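*Asks:* Chains A and B supply the protein sequences, listed in that same order. The opening residue of the first sequence carries number 1 in the working numbering; numbering runs sequentially from there. The opening residue of the second sequence carries number 451 in the working numbering; numbering runs sequentially from there.
Treat the hints as calculated values from the structure; they're not laboratory data. Just so it is clear, the structure is predicted and the values come from calculations on it, not from any experiment. C-beta atoms are modelled at their ideal positions from N, C-alpha and C, and glycine is treated no differently. Be a bit skeptical, because a hint or two may be false.
To be verified - Below, a sample of chain B positions facing chain A; criterion: calculated Cβ distance under 7 Å:
| no. | residue |
| --- | --- |
| 1 | Gln-750 |
| 2 | His-752 |
| 3 | Val-758 |
| 4 | Arg-767 |
| 5 | Pro-803 |
Residue-level listing of the chains:
Protein chains: 2
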Amino acid sequence: MNRRNFIQKAALAGSVTSILPSLSNEFQTKPLDKVRLGFIGVGHRGRSHIEQALFSSDVEINAICDIDPSAINITLDQIKKTGKKAPAVYAKGAEDFLNMVKRDDLDGILIATPWEWHVPMTLAAMRAGKYAAVEVSATVTLQESWDLVDTFEKTGSHCMILENVCYRRDVMAVLKMVREGVLGEMTYAHCGYQHDLRGIKLNDGKSNNVGVEFGEKGYSESKWRTQHSVDRNGDIYPTHGLGPVAHWLDINRGNYFTYLTSTATKSRGLHKYIVDHGGKDHPNAKVNFKLGDIVTTVIQCHNGENIVLIHDTNSPRSYSLAFRAQGTEGIWMNDGNSIYIEGVSPKEHTSEPDAPYLAKYDHPLWKKHAKSAENAGHGGIDYFVFRGFVESIKRKTAPPIDVYDAAVWSAISPLSEMSIARGSSPVEIPDFTRGKWKTNKRIFGLNEDY
Amino acid sequence: MNRRNFIQKAALAGSVTSILPSLSNEFQTKPLDKVRLGFIGVGHRGRSHIEQALFSSDVEINAICDIDPSAINITLDQIKKTGKKAPAVYAKGAEDFLNMVKRDDLDGILIATPWEWHVPMTLAAMRAGKYAAVEVSATVTLQESWDLVDTFEKTGSHCMILENVCYRRDVMAVLKMVREGVLGEMTYAHCGYQHDLRGIKLNDGKSNNVGVEFGEKGYSESKWRTQHSVDRNGDIYPTHGLGPVAHWLDINRGNYFTYLTSTATKSRGLHKYIVDHGGKDHPNAKVNFKLGDIVTTVIQCHNGENIVLIHDTNSPRSYSLAFRAQGTEGIWMNDGNSIYIEGVSPKEHTSEPDAPYLAKYDHPLWKKHAKSAENAGHGGIDYFVFRGFVESIKRKTAPPIDVYDAAVWSAISPLSEMSIARGSSPVEIPDFTRGKWKTNKRIFGLNEDY
C-alpha cells in the first residue's frame, strides 16, 4: 500500500485532518526531495506562482494548462529563461485540464483560473489523487463548498486555498500575540477587501488603463471577473480579510462561524467610471451593476466573537484590508498602525505605534525565511503560501490551510448574497466540518518550517 | 398673540420646522438680548453647561434643580465665584423639576440627568412652553422618541438634543466637504462610541478610580448608567457617532434611516474588570452584564448609503469615534487621520494626511467663533452646542438640531436591542417626521452664526 492509497483509506475511515499529523509523526519518513507540479491557469496570477516554483530547487514544473495561447507562450519563455526543462502543455480547449490532471508525474496541481472554474478543476485534481491548491475565492456557490469537502473526505486528496494574506508579516505577528494571550480573550475583529478595482474590472488592455471594457472586449481579469459585479450583490471576495481573522479566532478548530448579516450600499462606482472615462453614450453605460459599492458583513462566531468584513472595490481609495484585532486586554488596528495593550502601553487609554510589537512578536516562520521570501519577490506572502503547499506535499501531510478553510471562507460570498437579497436577514453559516471543529487542532502557523 | 402662542399655533397647523425658518425671516424681529435658563441636573455634565452659561453675557441662570444637595452646593459656589446672582433652587425630591418648569422667568430648560429621566423632564419643559435642551441619548425607548415628537407637534415647544460631537471641528469640516461634493455622492459612513468606560461604570468615588461599585454604592454616573449595561444588550449610546453622520447624509431632510441590524459580542469586559480589581469573591463578580462588549449596528438609508455604528465601552482602548465618510470621489478616515480625493490627492490610490483639507474646509462657524470657543473651555464643542440652543431661543426659531433628530438618533438604541434579541434580524426604523423628510430643509451648520 503506497502512501497515497493509505491516505485515501484513512480518509474513508474518518477524520483525516486530525489523524494525519500524528500519523506523519509516527511513520516519520524522509520528506520527498522533489515536488512535481502542474499549473492550471498561467495568466498574471498563475505566472507569479510559476515564479515561486522556478525559485524553488525542490520543485519541478511538469505541466501547464491554459486556454490562452499567449499565456502559454509567455510562461514557456519565463521557464526557458531559467534553463529549466519545458513542461508539457495542455491548451486544447476548456476541458484539457482533465487530461493534465491524469499525468502520473504530478504530485500537486495549482489552480489560478476564473472563479467559476476553481471547483471543477480542484475536484478533478483531487479525484486524480493529486494535492490541489486553489486561488481565492475557492468557491462561488454553497454547493461548491460542500463539493470540496465531500470530495476531500471521499478521496483523501488534500485541497489548500492559496490565501496569501494569511502570511502577511503583520497579521502573523498578531496571530502570535493572539495565541500568547497578549490581547486577552478575543472579542472582535475587523477585516475586508478595500481595493479600488475599477481599473481592473474595466480595462481594454490599452487606453492607459482607463478603458471601460469588460467581458469579450475586456483585458485580463475584466474578461470574467467584472461579470460577477453585474450579476451578484454580496461580499464576492471575502477571503483576504477573513483568512487571517479565521486563524486568530480558531475557526474550524474550537470555534466556527454561526451566522451573518450583510448590507449593501447603492451601486454607483462602476457606472460612474464608465461615464467619466467612456462617456454617457458608451454601451457599457447602460449596464446595470448589481454589486453595491460597499458591502458590510457582520459574522457571529460560536465563541461569541464578532467579525466585521467590508468589501469595497468600486470606489476611489487607498488599499487597505482594514484589519483590527481586539480582545479583553488590547486592540491592534491596521489603519493607523496602532496598538494599545492594557498595563503594557505606557500611557493609559492612549494607543501607540504598532511597529515595536510587530517586531517583538515576529512569527518564527518569518524570522527564519524572511530573506528567502524577499529574494523570491512579491513581498513575501506569495513565497510562504506557495511553500506551504509544497512542504505539505513533501511531508505527505495536510496543508496548513485546508479544505474546510477553503469551504467556509469562500461560502461567505453566497451567504452574503442571500442575506442582502433577503433585506439583511441573518443567514446561518454551515459547519463544513460537520462537528469536527470541536476536536480539530490548529494547523496554521505552528512552527518555523512552513 | 405673543410669539410663543404663535409658534404653538403654527405647530398645530402643520410642519413647524419647515415653516419657522422662513417665518422668522419674514417677521424679522430683533433677537432677545437675554436668555433666561433653568438647569435640571447639575452634576458633572450639567455644571459644564453652567460653565458655558456663566461665560455668556446674554444668559441668565434663574433656576437649578437636582436631587443631590452636594451638586446644588457646588453649583451655587460655581455661580457665586463669577459674581452673578444666585438662582432659585429646586431640590425637594425627584419631582421638584415639575415646579421649576412652571416659572415664568425661564425661556429654556437644559436637562442633564440620568437617561431614564430625560424624557419626563423634557416633556414637562415643553408642556410648560419652554425650549428644552436634553443631553444624549435623549430617549431610552421607542415610545419616548414618539412622545418627544408628538409633544413638540402638539405644543410647538422646541426640543434640541445636546449632541456636542456634531460641532467637532473635523466633522464640521467634513460636513462642508460633503455638502460641496468634494467626496462625490455619499455612499458609506462609519462611526461609533469607542470609549473605555469601565472606570466610569465601576467606580466607588475613591479607590484611585478602580473601585468596582455601581448603583447605590456607586459614584457619579455609575450610580445609574451601569444598570443599563446589566439590563440591555444593544447600542445604548449611539448619538455621538450618529449625529455628525446624520448631518452628512441629510437624515430627516431628504433622506432617512430605513432599517438596521445589530450584532453583539460576548460580554466580558465589565466582569473581568471587577474580578481584576475587586477579586473573584466581590459581590459584583456575580452580576450578569447583558451588554456585549462590542455592538455593531449597520444602518441602511433611503438614499442607499450604509452606516456602520460601533458601541465599544467595556474594553481597554484609546478613545475614538471611528468616523469615516466615503463617497464616489473620496474617503476620509478619522483613525489614521487620512483622506483620499480622486484627482486631487497627489498620488493615485494613496491617502494623505487630512489636516490641510480640514483646514481648507474649516466650517464658517468655527472660523468665526474658534477663539470664543477656546476661551469657554471644554475644547469648543460644548461652547457651540450650548450657543446653538441659546441663539435659537434668542431668535425664537427652531434649534439647529431638532426634536426629530433627537427622536431618531436615540431610537437606534431600542431598535438595536430588538435586533440583537431577534438574532440580528433587520428592524425597521420609524420615520419620526411622518413623511416630512421629503420636504424638510437642512437646519444644521448653515452659516457662521450658530
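*Asks:* All hints, please: hold or fail.
*Replies:* Outcome of the hint check:
1. Gln-750: Holds. Min distance 6 Å.
2. His-752: violated (10 Å)
3. Val-758: holds (6 Å)
4. Arg-767: Constraint on B/Arg-767 satisfied, holds at 5 Å.
5. Pro-803: Violated: closest Cβ of chain A sits about 12 Å from B/Pro-803, beyond 7 Å.
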